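S.K.: With chain A's structure known, arrange chain B on it following the hints.
There are 2 protein chains.
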Amino acid sequence: MLRRLARLLPDHVLLTDLAQREAYAWDNTGMRALPDAVVLAESEAQVVAVLRFCHQERIAVIPRGAGTGNVGGALAVRGGVLLSTQRMNAIIEIAPDDRLAVVEPGVVNGVLQEALQSQGLFWPPDPSSSHTCTIGGNIALCSAGPGAVRYGVTRDWVLGLRAVLADGSVIQTGGRTSKGVVGYDMTRLLIGSEGTLAVVTQAILKLAPKPESRRLSRAVFSSVEQAARAVSSLMTTASVPSAIEFLDGASLDLLRETGSVSLPAAGRAMLLLEVSGAEDEVERRAKVVCDLVEAFSPLEQTPPVKGEEAQQVWAARYALSPILKKRAPKRVNEDVVVPVSRLSELMVGVETIAQDLAIPIISFGHAGNGNIHVNLLVDPEDRPLMAKVAPALERLFRLVISLEGSLSGEHGVGTQKRDYIQWEIGSDSLLLQQGIKKLFDPNGIMNPGKLFPDS
Amino acid sequence: MLRRLARLLPDHVLLTDLAQREAYAWDNTGMRALPDAVVLAESEAQVVAVLRFCHQERIAVIPRGAGTGNVGGALAVRGGVLLSTQRMNAIIEIAPDDRLAVVEPGVVNGVLQEALQSQGLFWPPDPSSSHTCTIGGNIALCSAGPGAVRYGVTRDWVLGLRAVLADGSVIQTGGRTSKGVVGYDMTRLLIGSEGTLAVVTQAILKLAPKPESRRLSRAVFSSVEQAARAVSSLMTTASVPSAIEFLDGASLDLLRETGSVSLPAAGRAMLLLEVSGAEDEVERRAKVVCDLVEAFSPLEQTPPVKGEEAQQVWAARYALSPILKKRAPKRVNEDVVVPVSRLSELMVGVETIAQDLAIPIISFGHAGNGNIHVNLLVDPEDRPLMAKVAPALERLFRLVISLEGSLSGEHGVGTQKRDYIQWEIGSDSLLLQQGIKKLFDPNGIMNPGKLFPDS
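Protein chains in written order, with this note's numbering: chain A, 1 to 455; chain B, 1 to 455.
This is chain A alone, in the form it adopts within the complex (with noise of 0.2 Å):
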C-alpha cells in the first residue's frame, strides 16, 4: 500500500518512519495511536490524490490540525493515512472591504491575528490553544473560547469553504458575501462534522472589527450559586460582556497553593469580567457590569484595569490547565455546556459526584454561555481511583442531559464521547446523521472509530 501510495507524493510528503510516525501519534488527550504513515499535505492536489486513492483502497483517512484537540480526533486510532493539513499554511487574501479573509486550512488561528492586527480587524473565535491551533482544526470542531459569549462560535464566522471529499471530488460551500440562501446550508454541515466528511483545504472567513478596548474586572463569591445568579442577571442586560469566565473553589484553592494571586479566604467562586468597544464607552460599560455584579454580594471586586494588568488577570486563568498537568499525572477534561440558568445546579451536582466519588474534580469556564470545562484528576497507576471514572463521567453526562445542556460545547465528540452520543440525539437524527455520513463517504475511511457509536 505505501509504495503506490509513495507513488502518487513527493518524498518529502510522505513521511514512513517510525520515529516520524509517532510524532503525529498523540493529541491533548494523552492517548496515542500510531498511523500507518503521515502524509504532509503541501497542496489540495496532493489532499485529492491521497483521498482517491484511500477511497479506492478503503484505507483509513486521518485528518489533522495541530493536534491540539481534546477527544481524540486527530488520532489513527484504527490505523491508516494521518492527513496533516499543517503545511498548507497560507494566509491567501486578506480583503478588509468585504470583511473577509480567504486562508488555507494550515493557518495557525494566532498567525492570522497577528496579519489582522494592522487592519483593525481580527477573526473570532478564540480557543486558549490559539497560538497553536489551526484553523483547519477551528473548523472541523466548531472551536470557541471566551469571545463565544459576544461573538459566538466558529460557524458564526465562516463564510465558505473548499473541501475534498473522501472520493477525492473537491466542493465549494457558501462564498464571499454575507448573505446567502441557494440551496442547503453545506457550510455549517462540514463545520462541527471533525474530519467524518470532508478535508478542507480552504476557507473564507468573515472578520470582525477589533474592538478599540477592554476592561477586565474580578469578583469573588463566597458561594457558586452567588456567582452563577450574577451570570444569569448579566446575560439580560444590553451591556454584553466580551467575556464572563468562572473559577470554582477548588480552582482558587490551586490558585491560593500556586500563590500567585491572593484571594479572600472564603471565596468559593470567581467571575471574570471583560468588556470591550469603543476606548471612551468601556469604561461606562465596565461600571455597569460591576453595579450589576454589586448586587450579588461578592466578597470582593476589583475595579476594572486593562493592559498588562489585566494581562495579568487572564495569565491565572490561562496558568490553571499546565498546572493541572503538572499536579494530577492524568486529567480527564470535560466541557459540558447547560443554559445560564441552570448552571448553579450543574455546579452543585459537579461537586456531588466528586464527594460522592472521593474523586478531585476542578471546574471553570465559559460561564455566559455555561460552558463548564469539568477537569477530573486522575492517575492511570491508581486502579481503585481509575475505576471510578466511567462512572463520574456517566452520572456528570445524565445530570447534564436532566439539566437540558449538552454533552460538549466545543471539543466534540471524537473517540471520547461517541459512546454517549445517544444520549443527546434521538435515534431518529442519528440515522439521518450517519446516512449523511454514508452519501459523503461510502466507503467509511474518513476518520472512522470517530463520533458515530458504530463506526
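What the hints contain is simulated information worked out from the structure, not anything from laboratory work. Given the structure is predicted, the values throughout are model-derived calculations rather than measurements. Where is the CB? At the ideal position from N, CA and C, for every residue including glycine. Check each hint, because a few of them may be wrong.
The following residues of chain B were derived to be distant from chain A, with all beta-carbon distances above 12 Å [unchecked claim]: (1) Pro10; (2) Val77; (3) Ile191; (4) Ser233; (5) Asp280; (6) Leu299; (7) Ala310; (8) Tyr318; (9) Lys330; (10) His366; (11) Gly405; (12) Glu410.
Capping the alpha-carbon separation at 27 Å, the derived lysine-lysine pairs in BS3-like fashion look like this [as the list claims (entries may be wrong)]: (13) B:Lys388 / A:Lys210; (14) B:Lys210 / B:Lys306; (15) B:Lys210 / B:Lys287; (16) B:Lys438 / A:Lys438; (17) A:Lys206 / B:Lys438; (18) A:Lys437 / B:Lys437; (19) B:Lys326 / B:Lys287; (20) A:Lys437 / B:Lys438; (21) A:Lys330 / A:Lys306; (22) A:Lys210 / B:Lys206; (23) A:Lys326 / A:Lys388.
M.R.: Okay, now just chain B, sitting in the frame of chain A:
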C-alpha cells in the same frame, strides 16, 4: 384521497372547498397555484398525521407560513396538500436568563418582537414583512432584513428545532444552550431548506438585548459609485452601523414623483445609515459614521435623527415596494448579493442591462451586506416587454456570478430560481444536496418543484 385524509383530522382543520383553497393559492410573486386540499394544522400530532399519510400515498405536501415569500416556495405548483402552520402560533416560553424564546412556527415575527419588548430583548431577523410573516417561514427561507449588517441572519439566531420528517418521524436538533458541538449541525441544515426536508413544529430562538436607542441619517450622492465607496469604507470601521440601506437613482426619481421627500436634483443614490446602542453611545457613533461618509462628498447629508423623525425616513424606504406594486402591473423582484467591494460594479451593470434592454429597473436594498433588490417593472399584457425579462435576468445573474456573488441573499430559490441554481452551485455539491433531500424524503413529497432543477 381526501376522504381518507379527512378521517385523520378534525373538520375545521381540513379545507377542501374551492373558495377556501383559493385563499391559499397565492404568494408575493403574483403567481397562482391551487392546492387539492389545505390543512390548517393546530398541533404537531396533526402535522405528523398529514405527513405520514402523504408519505404512504406519495402525495405532495407544501409547507406554508404566511405566504409572504417572493419565489413561489409556498405554492402548490404540482397540486397536493398545502400544510399551513399559521394556527400553531403559541409563544411557548420566554426565558430572559437564557436569552431564548421557544415558539411554534406560526408565531408572527412582529408579534414575537412585541412580546419581547418588556424584557428588553428582541429576535434580530427583521424582514420587511415582519408584521405578517411567521417564524416558520423565516426559518424555512433563512430570512433577514436591514439589521443583518450588524446582527446576521436567521441561521445565527436559532438554537434548536423540532421538526417532522416526510415519513412522520419527529427529530429534535440543537437545544437550549448557546454552544453545542455534538453531532452534525442539523439545525442549520433545516434552516433555509425551503420546506423540502421537514416541517418545523417548534423553534428555540436565541435573543439579543434590544439597543436602548437609535439614530438615523441620510446621505445623497451624485453617483452610485460614490455611495458604494462610502459603504465599503463604513464596513472597515469599528462602529458597525445597524443598517446601511441603499436607494438607486430610479428609486429617488420615484420618491421625487410621489413628493414624499425633497431631494437634491442631482442626487442619483441615497444611503440610510442607522446606528444603535446605549443612549449615551449612539450620538458619538452616529457622528463617527457621518464624518466618515462626509469624506465621500455627499450632495447632502442630514444630521442624525431619532424617534418619530427617523420613522418618517424609514417610511420613505418602505413605501417603495407598495409604490412599485401600484406603478407597474407586474414587478419581478430579485434579491441578488455581491461582496460589498463589488457593489459599484453591480449597480453600473444593472443600469447597463436596463438601458440595453429598455426595461425599467429600480434597485434598493441592504448595501452593508451587498444585498440589492433589483426590481424589473413590467406588464404581462406587454408581450415585447415580457419577452425581455428572461434575457435581463440571465444577464443579471451572470453579472452577479462574475462578481463572486449569490443569486439570492434572503428570498431563496423556490420555483423562480431553480433553473439557475447550477450557475452558482457546482455539480458535485448539488449531487450531495440532492442525496440529502432523498435521505430526508425518499418519496419526494416535500415541496416538489422547488429548489432543485429536476425536483
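S.K.: Does each hint fit the structure? Answer for all of them.
M.R.: Hints, verified against the model:
1. For Pro10 (chain B), the non-interface assignment is confirmed: its Cβ lies about 27 Å from the closest Cβ of chain A, beyond the 12 Å cut-off.
2. No beta-carbon of chain A is positioned within 12 Å of the beta-carbon of Val77 (chain B); the least distance is around 19 Å.
3. Listed as outside the interface, Ile191 (chain B) is inconsistent with that label: its C-beta sits roughly 7 Å from the nearest C-beta of chain A, within the 12 Å cut-off.
4. The beta carbon of Ser233 (chain B) sits about 8 Å from the closest Cβ of chain A, which is not more than 12 Å, so the claim that it is off the interface is violated.
5. Listed as outside the interface, Asp280 (chain B) is inconsistent with that label: its C-beta sits roughly 7 Å from the nearest C-beta of chain A, within the 12 Å cut-off.
6. The Cβ of Leu299 (chain B) lies farther than 12 Å from every Cβ of chain A, with a closest approach of about 23 Å, so its non-interface assignment holds.
7. Remark: the non-interface label on Ala310 (chain B) is consistent with the geometry, its nearest Cβ contact in chain A lying 19 Å away (cut-off 12 Å).
8. Residue placement check: Tyr318 (chain B) keeps its beta carbon more than 12 Å from all beta carbons of chain A (closest about 19 Å).
9. No beta-carbon of chain A comes within 12 Å of the beta-carbon of Lys330 (chain B); the shortest separation is about 24 Å.
10. Not every Cβ of chain A is farther than 12 Å from the Cβ of His366 (chain B); the closest lies at roughly 8 Å, contradicting the non-interface assignment.
11. For Gly405 (chain B), the shortest C-beta to C-beta distance to chain A comes to about 6 Å, within the 12 Å cut-off, and the non-interface label is violated.
12. Here Glu410 (chain B) does not stay apart from chain A, with its beta-carbon only about 6 Å from theirs, under the 12 Å limit.
13. Restraint check for Lys388 (chain B) and Lys210 (chain A): the C-alpha separation of about 47 Å exceeds 27 Å, so the hint is violated.
14. Taking the CA atoms of Lys210 (chain B) and Lys306 (chain B), the gap is about 16 Å. The hint holds against a cut of 27 Å.
15. For a cut-off of 27 Å, the pair hint linking Lys210 (chain B) to Lys287 (chain B) stands: about 21 Å separates their Cα positions.
16. Using a Cα cut-off of 27 Å, the hinted pair Lys438 (chain B) and Lys438 (chain A) holds, with the two alpha carbons roughly 13 Å apart.
17. Proposed proximity of Lys206 (chain A) and Lys438 (chain B) is contradicted: the alpha carbons are some 32 Å apart, above 27 Å.
18. Restraint check: the Cα-Cα separation between Lys437 (chain A) and Lys437 (chain B) comes to about 14 Å, which is no more than 27 Å; the hinted pair holds.
19. Simply put, Lys326 (chain B) and Lys287 (chain B) have alpha-carbon atoms about 37 Å apart, too far for the 27 Å limit, and the pair is violated.
20. Note on Lys437 (chain A) and Lys438 (chain B): the hinted pairing holds, with a Cα-Cα distance of about 14 Å set against a maximum of 27 Å.
21. Pair hint Lys330 (chain A) plus Lys306 (chain A) does not hold up; C-alpha atoms about 35 Å apart against a cutoff of 27 Å.
22. For the proposed pair Lys210 (chain A) and Lys206 (chain B), the alpha carbon gap of about 24 Å is at most 27 Å, so the pair holds.
23. A hinted pair counts as satisfied when its Cα atoms are at most 27 Å apart, and Lys326 (chain A) with Lys388 (chain A) qualifies at roughly 21 Å.
Taken one by one, the earlier hints fail for this structure at numbers 3, 4, 5, 10, 11, 12, 13, 17, 19, 21, listed in ascending order.
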